[in-house]
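> Top to bottom, those sequences are chains A and B. Residue 27 in the working numbering sits at position 27 of the first sequence, and the numbers go up by one each step. Residue 17 in the working numbering sits at position 17 of the second sequence, and the numbers go up by one each step.
The set of hints was computed from the structure by calculation and includes no laboratory data. In this text, all values refer to a predicted model and were calculated from it rather than measured experimentally. Glycine is no exception: its CB is placed at the ideal position from the N, C-alpha and C atoms. Accuracy of the hints is not assured; some may be wrong.
[What the hints assert, rightly or not] Partial list, derived from the structure: chain A residues whose beta carbon lies under 7 Å from chain B: (1) Cys52; (2) Gly316; (3) Ala356; (4) Pro387; (5) Val527; (6) Cys550; (7) Cys553.
[Said to hold, decoys possible] Straight-line C-alpha distance at most 20 Å; calculated EDC-like pairs for lysine to aspartate or glutamate: (8) Lys83/B - Asp63/B; (9) Lys558/A - Glu114/B; (10) Lys458/A - Glu114/B; (11) Lys27/B - Asp273/A; (12) Lys538/A - Glu490/A; (13) Lys597/A - Glu482/A; (14) Lys597/A - Asp63/B.
[Said to hold, decoys possible] Stretch-level coverage of chain B by chain A, calculated; a stretch enters the list once three of its residues show a Cβ under 8 Å from a Cβ in chain A: (15) 18-30; (16) 67-81; (17) 112-124; (18) 141-148.
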Amino acid sequence: MEFYRSHVLVCGGTGCTSSGANKIVKVFEEELLKHGLNKEVQVVKTGCFGLCALGPIIIVYPEGSFYSLVQLEDVPEIVEEHLLKGRIVKRLLYAETIAEDNTIRSLNEVDFYKKQLRIVLRNCGVIDPENIDEYIALDGYKALGKVLTEMTREEVIDEIKRSGLRGRGGGGFPTGLKWQFTYNSQGDQKYVACNADEGDPGAFMDRSVLEGDPHALIEAMAIGGYAVGANKGFVYVRAEYPIAVKRLEIAIDQAREYGLLGENIFETGFDFDIEIRLGAGAFVCGEETALITSIEGNRGEPRPRPPFPAVKGLFGKPTVLNNVETYASIPQIILNGADWFASIGTEKSKGTKVFAVGGKINNTGLVEVPMGTTLREVIYEIGGGIPDGKKFKAAQTGGPSGGCIPNELIDTPIDFDSLTAIGSMMGSGGLIVMDEDNCMVDIAKFFLEFTVEESCGKCPPCRIGTKRMLEILDRITEGKGEAKDIQKLESLAETIKSAALCGLGQTAPNPVLSTLRYFRHEYEAHVNEKRCPAGTCKSLLQIVIDEVGCRGCTLCTKHCPVNAISGERKQMHIIDQEKCIKCGVCIDKCPFKAIVKR
Amino acid sequence: MSQCCASELNQEAKDKIYEIIAAHKDKPGLLIPILHEVQEFYGYLPFEVQKLIAEELNIPLADIYGVVTFYSRFSLTPVGKYKVGVCMGTACYVKGSDKVLEEFKKQLGLEVGETSEDGMFSLEATRCIGACGLAPVITVNEDVYGKLFAEDVKDIVEKYK
Ligand SMILES: Cc1cc2nc3c(=O)[nH]c(=O)nc-3n(C[C@H](O)[C@H](O)[C@H](O)COP(=O)(O)O)c2cc1C
Ligand code: SF4
Ligand code: FES
């Protein structure tokens with residue numbers, strides 16, 4: 001390998017790629033060449049650093065300078081000042097890395113990273129995911145070697161069981177136990193499958209692992225194959241993730257080339273290979289039986305369990321199915337031991353969890369914290385709080401299957417059982433923050449629209465029941481709600497929960513139930529007073545001009561797209577409520593803040 | 001992506017489809033990968049194409065139709081040269097992607113799921129594309145645009161006209 005004195009790490013995750021990271025890499029390379037530095041400085045495209053909102057992000061080593069929001073025009077300056085003359089370009093540094101005394105802090109001291117513990121994401125943003133050597137240099141494939149040469153299959157399963165690892169795909173089922181069941185099943189052929197369908201709209205941690213550290217998944221699946229007695233693996237990944245698919249393909253090819261996939265791995269007689277299958281845009285295919293039917297080439301409809309996949313899975317054979325993040329923890333457990341992993345987290349939830357923090361929060365991005373970290377720590381200490389001085393209202397976890405956590409419960413430790421106890425769930429790790437401007441009835445409706453659209457239609461409680469619930473919510477948000485509607489919602493919800501065939505239907509009412517539990521007053525305001533307290537539901541909203549504030553500047557009339565505002569210059573203006581489409585443009589344009597929602 | 005328009009498949013298209021099928025045949029569960037590749041090549045999956053696949057794989061046409069209509073990525077009708085997808089995932093929604101979608105509807109004169117008559121644009125509401133950190137996010141084919149306001153929509157549309 002060649003020796004470079006400096007490394008420029010450019011985030012090549014989906015977030016930063018969208019912000020133009022590819023062009024930045026190119027310009028870096030051109031500039032380095034121009035200054036004759038191309039043999040001294042290496043540019044590496046890595047996976048996600050986590051702070052997506054500040055992309056494109058670049059880190060220059062050995063100094064560890066963290067440049068954020070880098071524009072193409074900034075690249076020549078970084079090359080000339082930093083890489084040629086050794087002067088850090090302070091103006092581009094992430095502000096948090098500059099301490100009060102003007103010295104530069106290391107990333108680990110920055111609020112966003114300080115409280116994080118990166119096990120699953122440990123290589124994301126650190127290595128070049130398209131280069132297997134970098135993974136190997138950081139102990140990659142060492143766990144597979146250890147398992148194949150030093151451990152029996154039973155010992156591997158036992159290690160995973162003792163670690164306390166539970167499935168990160170949403171269900172939280174103990175992984176070791178699942179492996180044990182598949183191990184126990186008789187069969188000439190078994191399979192290992194990975195669920196990379198990541199259906200929760202608002203979650204992207206699996207994607208980041210695939211993009212930033214694909215070999216960790218490959219290694220873990222091979223370990224799983226050895227443990228349960230399978231020599232074939234499938235990764236089911238959503239077609240919406242082209243970069244992830246490409247990196248995974250490259251990684252699989254490289255692993256084959258190095259003899260880490262294929263026949264006789266580590267000369268131990270163990271054979272294992274992996275195939276990628278693309279989803280085709282159906283949320284229900286994240287459910288395990290539906291995923292299996294989909295890989296088999298059919299409509300992805302769930303089927304009743306038992307039989308569980310561990311007994312009868314892919315092509316009727318015993319199959320172990322785990323989530324990406326679950327797999328990504330496994331090599332570390334093997335290398336550092338079950339006791340180490342079990343020492344992290346809470347009594348019943350071990351290890352770390354990655355959250356995709358989004359919505360109304362300053363530091364949107366990926367965050368990995370020990371189980372048991374409180375929501376407050378995630379939102380305020382790591383996430384940097386709510387933008388624009390607004391008030392925190394609730395956080396939603398578990399996506400369309402989950403629920404919301406209101407301000408009163410912000411000190412709840414995040415683990416599987418605490419979240420279930422308060423009517424939400426861990427889910428796959430989407431964590432969406434909402435502020436005072438978000439209407440909770442509208443959010444419940446948003447999730448129900450999602451489930452209605454994604455219901456596979458196989459069983460009536462889900463197909464028809466969720467539709468009825470949505471109709472009621474539509475009525476309520478349009479100001480046509482009736483006194484009995486809230487009760488009706490509750491009784492429908494209970495029926496659907498108990499009668500639906502698969503997890504999609506069984507959990508579909510959760511967003512409604514949990515918003516009813518904590519924000520019942522908002523429902524009541526919509527129904528009884530025909531008022532939307534957050535000012536979101538358009539039908540319940542009037543936009544009016546305040547007579548005291550209005551100076552008659554006429555600015556609003558110029559911006560209203562439907563000419564709903566009238567009034568003479570220097571006279572009070574009026575909005576024609578018949579014409580107004582409630583777009584809110586005038587509110588933003590009024591220099592005197594005289595236009596308000598009511 | 002070739003945009004074949006006649007309802008009759010020409011020989012060239014047929015050959016390419018045969019080729020795709022042959023590359024996958026005889027492995028279990030390969031209908032969906034085949035459909036992905038054929039759609040990638042042909043742009044959409046009209047009846048003639050489904051019929052051809054049914055004959056080649058010896059699967060009832062009804063089964064193929066069942067699969068094609070189950071998955072939202074498979075399309076029975078042609079899609080525009082530029083496929084605009086507005087993310088309606090949770091992170092984007094709470095940050096106002098509905099307003100961005102409304103603006104695209106207005107600028108393109110299309111409803112969700114429609115394609116413009118000249119075949120240039122189609123409009124879709126998509127699920128999370130994993131760039132939530134940049135919400136609200138839209139895609140035009142492979143290009144991703146983030147941190148959008150309704151005001152930005154016009155410029156984006158202009159770029160592709
Ligand atoms: C409607 C529905 C959607 C699901 N979507 C996903 C998903 O996108 N990714 C995932 O890993 N698990 C998903 N699951 C959970 C899987 O069924 C399964 O429990 C999980 O993949 C098992 O892996 P784990 O034990 O490692 O979590 C979903 C479940 C349901 C009911
Ligand atoms: S609960 Fe819904 S998604 Fe699940 S099988 Fe029934 S209809 Fe299909
Ligand atoms: S919710 Fe829009 S990109 Fe994730």
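> Now, for every hint given, state plainly whether the structure supports it.
Here's how the hints hold up against the structure:
Checking Cys52/A against chain B: minimum C-beta separation of about 2 Å stays under 7 Å; hint holds. With a cut of 7 Å, the hint placing Gly316/A at the interface with chain B is violated, because the nearest CB-to-CB distance is about 10 Å. Proximity of Ala356/A to chain B holds as hinted, the smallest CB-CB distance being about 6 Å (cut-off 7 Å). The beta carbon of Pro387/A comes no nearer than 10 Å to any beta carbon in chain B, farther than 7 Å, and the hint placing it at the interface is violated.
The closest approach between the C-beta of Val527/A and any C-beta of chain B is roughly 23 Å, which is over the 7 Å cut-off, so the hint fails. Given hint, Cys550/A at the interface with chain B, is violated; its Cβ is 24 Å from that chain's nearest Cβ, farther than 7 Å. At its closest, the beta carbon of Cys553/A sits 21 Å from a beta carbon of chain B; the interface hint therefore is violated under the 7 Å criterion. For the proposed pair Lys83/B and Asp63/B, the alpha carbon gap of about 28 Å is over 20 Å, so the pair is violated.
Taken as a hint, the Lys558/A and Glu114/B pair is broken in the structure, with Cα atoms around 31 Å apart against an allowance of 20 Å. Simply put, Lys458/A and Glu114/B have alpha-carbon atoms about 27 Å apart, too far for the 20 Å limit, and the pair is violated. As the CA atoms of Lys27/B and Asp273/A are separated by approximately 15 Å, the hinted pair is consistent with the 20 Å bound. As the CA atoms of Lys538/A and Glu490/A are separated by approximately 25 Å, the hinted pair breaks the 20 Å bound.
For the suggested pair Lys597/A and Glu482/A, the alpha carbons sit about 24 Å apart, so the restraint of at most 20 Å is broken. Restraint check for Lys597/A and Asp63/B: not satisfied, since their Cα atoms lie roughly 52 Å apart, outside the 20 Å limit. Figure legend: the segment 18-30 of chain B, annotated as covered by chain A; annotation consistent (3 residues with Cβ-Cβ distances under 8 Å, at least 3 required). Interface restraint, the segment 67-81 of chain B with chain A: holds (6 residues with C-beta to C-beta distance below 8 Å; minimum three).
Only when three residues or more bring their CB closer than 8 Å to a CB of chain A does the claim for the segment 112-124 of chain B stand; here the count is 0, and the claim is violated. Only when three residues or more bring their CB closer than 8 Å to a CB of chain A does the claim for the segment 141-148 of chain B stand; here the count is 4, and the claim holds.
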